[in-house]
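Sequences are here, hints too, so could you generate the full structure?
Residue numbers (my numbering), protein chains in the order written: chain A, 335 to 686; chain B, 120 to 479.
Note that these hints are calculated values from the structure, not bench results. Heads up, a few of these hints could be off.
[Unchecked claim] Lysine-lysine pairs mimicking DSSO-like chemistry, simulated, CA-CA at most 30 Å apart:
id	chain 1	residue 1	chain 2	residue 2
1	A	K468	B	K176
2	A	K661	A	K627
3	A	K412	B	K384
4	A	K453	B	K378
5	B	K176	B	K153
6	A	K412	B	K277
7	A	K412	A	K397
8	A	K407	B	K277
9	A	K468	B	K378
A quick note: this is a predicted structure, and the numbers were derived from the prediction, not measured.
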Amino acid sequence: MELRLENLTKIFTNKTGAETTAVSELDIVIESGTLVGLLGPSGCGKSTTLFMIAGLEKPTGGKIFFGDDDVTKLAPEKRGIGLVFQNYALYPHMTVYNNILFPLENLDVPRTEAIQRVKEMANLVGIGELLDRKPSQLSGGQQQRVAIARALVKKPRVLLLDEPLSNLDARLRLQMREEIKRIQRETGITTIFVTHDQEEAMSISDKMVVLDFGIEQQYASPQSMYNNPDNIFVAKFLGNPPINTFEAEVKKGHLMINEHKFMKFDVPDGLYDVGMRPENFRATEEGFKIAIKDIFHIGRDTMIHFDFNGSNIRALVDSDNIEKGQKFVHLTIKSERVYIFDKKTGEVVNHG
Amino acid sequence: MADFIKNTKKFFAKVKQSIKNFFWNIRRILNNGKRRIGKFLDKHNLNFASKFPGWAKALVYLSPALIVLSIFTFWPIINSFALVVYENYNMTSNTITGYTLFGNFITVITDESFIVPASHTGSSAVINTLIIVFISVPISVLLALFISAALNSIKPLKSFFQTIFFLPYVTNTIAIGLVFAYMFKTDGGLINQLLSFVGVDTAGLSWVESGAVYWRSMFVLIFYSIWASLAFKIMVFLTSIQGIDKQYYQAAAIDATPKGRIFTKITVPLISPMIFYILVTSVIGAFKIYNSIVALFGVTGAPSGVDYNLQSIVMYIYQFIDGSNAGSLSVAAAGSLILFAIILVLTLVQMQVSKKRVHY
Chain A
335 MELRLENLTK
345 IFTNKTGAET
355 TAVSELDIVI
365 ESGTLVGLLG
375 PSGCGKSTTL
385 FMIAGLEKPT
395 GGKIFFGDDD
405 VTKLAPEKRG
415 IGLVFQNYAL
425 YPHMTVYNNI
435 LFPLENLDVP
445 RTEAIQRVKE
455 MANLVGIGEL
465 LDRKPSQLSG
475 GQQQRVAIAR
485 ALVKKPRVLL
495 LDEPLSNLDA
505 RLRLQMREEI
515 KRIQRETGIT
525 TIFVTHDQEE
535 AMSISDKMVV
545 LDFGIEQQYA
555 SPQSMYNNPD
565 NIFVAKFLGN
575 PPINTFEAEV
585 KKGHLMINEH
595 KFMKFDVPDG
605 LYDVGMRPEN
615 FRATEEGFKI
625 AIKDIFHIGR
635 DTMIHFDFNG
645 SNIRALVDSD
655 NIEKGQKFVH
665 LTIKSERVYI
675 FDKKTGEVVN
685 HG
Chain B
120 MADFIKNTKK
130 FFAKVKQSIK
140 NFFWNIRRIL
150 NNGKRRIGKF
160 LDKHNLNFAS
170 KFPGWAKALV
180 YLSPALIVLS
190 IFTFWPIINS
200 FALVVYENYN
210 MTSNTITGYT
220 LFGNFITVIT
230 DESFIVPASH
240 TGSSAVINTL
250 IIVFISVPIS
260 VLLALFISAA
270 LNSIKPLKSF
280 FQTIFFLPYV
290 TNTIAIGLVF
300 AYMFKTDGGL
310 INQLLSFVGV
320 DTAGLSWVES
330 GAVYWRSMFV
340 LIFYSIWASL
350 AFKIMVFLTS
360 IQGIDKQYYQ
370 AAAIDATPKG
380 RIFTKITVPL
390 ISPMIFYILV
400 TSVIGAFKIY
410 NSIVALFGVT
420 GAPSGVDYNL
430 QSIVMYIYQF
440 IDGSNAGSLS
450 VAAAGSLILF
460 AIILVLTLVQ
470 MQVSKKRVHY
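Below, the structure is given as structure tokens:
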């Protein structure tokens, strides 16, 4: 089912009357059956957006559509959503079985069918053998699965996940990430996934929304967002190690670095913020000669530190091409992997 | 003027700083002294504190409380076990005529107003107490649960309402009892006036005065003990309800759980340890009921001129405690041991039941 947010706005007013805009005029269409990652630094309004979709927060303005239904004013229980909380919110006094059965007890479902559905769902998420346990007897990953099963068992129209992996350890996180993707594919349910971890969002989402201070920065598929960021915020937020940014001037169509012509660009002359991802550099025989400040060999790759216009720049290059104690290196980078941002607005100027 | 305020503020900030500095230095000096003493003791091998095991130190710290408890609680308990086997114990001369194992128990059990309803009163202490316990405790616990759940969902004037419901707790029991007695007066009492207002003939309808029937005065007593015990229960339940994670309620809301089911399936199980605690303590408390009866009906435990008695077990025991007659103290001891046994059995039963019903 398609999910549509129109001008969704949430303003919190505290006791003194000061207003904080948590979400500002969000306009997003989420296609049916896709998994959309809601990504942003903490406090950017992503959880607020999720809770507004769930109906736990009332939007200050704008509308939410599930398909053609306007659900903006609908109570949460009438929206047909499944929500997985950050700390799962499993009822501690109930067994896994009762936890998953609980949403069905409130629906008009025959008992035999309900039991059938609980078992199916438990097997789908891989906790079929744990139905008699209490949540406190489960590991974090198992609790997570129970929470997903409980959210899915009533066959919701939309599945909402609020930072579901943040309480798991690193390895389990990787595993559950794939698991969530698999469950989402198997059920084909429209899913919104909130996270502050860009790597997590990139690996799991069909499309991602990046938010900053409640304002949508970009809405695209992970790879295209990575390769074609709309602005400097998105470019800086995605990628590990992070993108290098530095100030550089474009003179007569040439990007000037360390007072040399670096590359030709079809942008008006002026001062810009320039971004280059560390892994997009290549060490070659020819190219831009730079003086190496520092070298870190990290297995497969080698990290080189050097200066561009006074800023420290990191380049991740193949270890084979660099020798220990090397003082200079020639680097190249493809022109479409160089991002030139307007200094005022932060918008990218050399990408379509 | 503004300068003056600024300077005063500065002055007080300075004073605050110097006070804090003073206490900081005092602590430094004390710690230094402690370290020196410790060093000295260690040097001369005199540091006994470090030689004692942890539990011995704990015993030393607990000793003041233990001493007081032994004198005023443990010793009397042991004594009452001893008293029970004495025959005709005379408190003033401290003499007995012999020993008996069950004699005092038999005296109590066969006594007309303890278990068996006396022919001339039509009521007995044990029956009275059981009625009070088994009616007032469940009602007050349920009522407290509902009221605290309702109080928790109130948004405006929240603390105001919470204060109102907590007021009875800080009010004197005897005073409330007197107010109740006054409210239930036959002539001009508030209750009778209300009843006549809705059209009930209240002429001679007495509640706590002469002519009141057993169940009417029992009703007032139960009503009173529920009301007096409600405040504390509400406070305990309310604080535990407020401690429940909001996410459970959000999850339940998304699953379209009706209010009643949220209450029975989430709120009650999550505060069940507190409910159990309240249940056990209030059953024990209700068995020991004494001052509410005195407050309502006086030390006789009965409205004047009636043929029954609203005595509780404790009141029954109390009448033997003066020890003026030989052997009466042993009877009192036997009565209290029976009360102890009843409470013990009931608490054990509750603990057994709680194993299934209480979720920690």
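Verification of the hints:
{"no.": "1", "hint": "A:K468 to B:K176", "verdict": "40 Å, violated"}
{"no.": "2", "hint": "A:K661 to A:K627", "verdict": "8 Å, holds"}
{"no.": "3", "hint": "A:K412 to B:K384", "verdict": "20 Å, holds"}
{"no.": "4", "hint": "A:K453 to B:K378", "verdict": "27 Å, holds"}
{"no.": "5", "hint": "B:K176 to B:K153", "verdict": "18 Å, holds"}
{"no.": "6", "hint": "A:K412 to B:K277", "verdict": "29 Å, holds"}
{"no.": "7", "hint": "A:K412 to A:K397", "verdict": "16 Å, holds"}
{"no.": "8", "hint": "A:K407 to B:K277", "verdict": "27 Å, holds"}
{"no.": "9", "hint": "A:K468 to B:K378", "verdict": "24 Å, holds"}
The structure is inconsistent with hint 1 alone, although it conforms to all the rest.
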